[in-house]
Amino acid sequence: MDITPLLSQQILKSGRVSGMVFLLIIAASTAYFIRRGKAGKVPYLRKVPGLDAIDEAIGRATEMGRPVFCSHGIASIADATYGPQTIAGLSVLGYVAQLCARYGVRLIVPVRQLVVYPIAREIVENAYRMEGKLDQFRVEDIVYLSGWQFGYSMGYMSLMRREKAGANIMVGGYWAESLQLAEVGYMVGAMQVSGTANTHQIPFFVVATDYTLIGEEIYAAGAYLSKDPAMIGSIVAQDIGKYVSIALILLGFVLLIFGNDYIIQMLRW
Amino acid sequence: MSLLRRVEIPIAITIIFALIQVIPYFVNMGPAVEATQDKVVRWTLIVSTGALLVGLTSLLLIHVPRVTRRRTHWEYSLLLIAFMFLMTIIGLPFPELNLGLTGYWFSFFYNNVLTPLSASLYAILAFYITSAAYRAFKARSLEAALLLISGTILVLRNAPLGTFLIPQIADLGDWIFNIPNMAVNRAIMIGGGLGAMVLGIRVLLGYERGYLRGGE
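Protein chains in written order, with numbering that gives the first Met the number 0: chain A, 0 to 268; chain B, 0 to 215.
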């Protein structure tokens, strides 16, 4: 396909065409598999132990009479690169809040981003409302700690020690504070479920917490926990994207061996 | 249901503002649309600034009762409230009184309180890394054994004594870091990128509602 006329007329932005095509493929696949899911053709979804462990962690905290901590990372929801991790973390928060309300266990939500604070509060409050336990909702347990990274980390660690966390669920974008939080969670004897797409923090979570959601698993959390067929269907689109990526990598690799860099040039459109 | 509590309104707002950002990223839409795009980004900053009040309220809601009721460690809460107001006051833009973000007092507290505290808290990581590594470096399974072996090689590669005693460890460490580690990193990044893309599309289509009052 020759896209030169579109570029010469400056309709499409140079260097972003391949990204747009890829986005359109994923969007079309997502819409298609959502339709299929709604029609009752629900794809098989492998078990994600980290997400299944959330119920166990909350149940354990309930038995121990200790609070559950649930955080959604320190990234702003408005951030184009890391914001989706916060959205994924908030989806998990909704599920955790609902279970906590059902079991009558205290839920503490440490927050770093001011913009996310009202959203987190609304999610938790609504979960308690849906369970018919709005009277048990404590607004002071949705805690804004600090906008400063290590201020947040210190506040979070202190809270876990002071309140003796029974479970600590951390899903979202985390940076240097990840290991501090996970280690303190371990020290206070909390069952911990963690998840991030920040590759440099995944090893810390893997060694220090009981279950870790790696990369793409956190984005599937909302769909997995909701058990909504349409949402589960959309996860297949992720696999389509993977197949396309693998095909491009292999094709590019083979062509490059024969001295042809067509795939590299194509990705630069 | 009250109009303000209807979930369709925030979904519609999300879709409109997301499209204002996404479409001009790929397609030249002309100066008017790009100006709107810039304006929307500035709105984000204004909303973030307005949210400061929310944070202030949250902090006071937690710490004032702790001080007034003399709960455990109430002294720290008092310190927090005092410093919060102190930093707000010395950050006010009155240069003639040596106040403001470039004034003497703000710089003094920033350089002598916040910076050393940041450095100390970051340094604590070294101890946490040690305790986590102590627990993780046990060959209980094949995966744990591989982690133990590669971790040990990289520790030796980064320690001057390691490369002094076994010079070949430098090449081996670099190979582990640059080849298998990088391959896995890229695989996770591709998976994460795709996941974020599909999540974004679900948000745009109004299916991902977890961030909206728990989805209801």
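By construction, these hints were calculated from the structure, which means they are not laboratory data.
Computed from a prediction, not measured in an experiment: that's the story for all the values here.
By construction, the Cβ of each residue, glycine as well, lies at the ideal position given by its N, Cα and C atoms.
Check each hint, because a few of them may be wrong.
Stated by the list, open to error - Residues of chain B placed beyond 12 Å of chain A at every Cβ, according to the derived structure: (1) Glu-7; (2) Ile-22; (3) Ser-57; (4) Leu-79; (5) Pro-94; (6) Gly-194.
As the list claims (entries may be wrong) - Covered by chain B, according to a simulated footprint, are these stretches of chain A (three or more residues, beta-carbon under 8 Å): (7) 10-23; (8) 42-51; (9) 55-67; (10) 100-107; (11) 162-171; (12) 216-222; (13) 253-263.
What the hints assert, rightly or not - Derived contacts from chain A toward chain B, CB cut-off under 10 Å, selection only: (14) Ala-77; (15) Ser-157; (16) Pro-202.
Verification of the supplied hints:
1. Glu-7: Check passes; 15 Å lies beyond 12 Å.
2. Ile-22: Given a closest Cβ separation of 10 Å, the condition is violated.
3. Ser-57: Incorrect as stated: the minimum Cβ-Cβ distance to chain A is 4 Å, not above 12 Å.
4. Leu-79: 9 Å, violated
5. Pro-94: Per Cβ check, Pro-94 of chain B is outside 12 Å of chain A; nearest 25 Å; holds.
6. Gly-194: 3 Å, violated
7. 10-23: It holds: at least three residues are needed, and the region 10-23 of chain A offers 8 whose Cβ sits within less than 8 Å of chain B.
8. 42-51: violated (count 0)
9. 55-67: With 0 residues close enough to chain B, the hint is violated.
10. 100-107: violated (count 0)
11. 162-171: violated (count 0)
12. 216-222: holds (count 6)
13. 253-263: violated (count 0)
14. Ala-77: 5 Å, holds
15. Ser-157: 9 Å, holds
16. Pro-202: 9 Å, holds
Consistency note: the structure conflicts with the earlier hints numbered 2, 3, 4, 6, 8, 9, 10, 11, 13.
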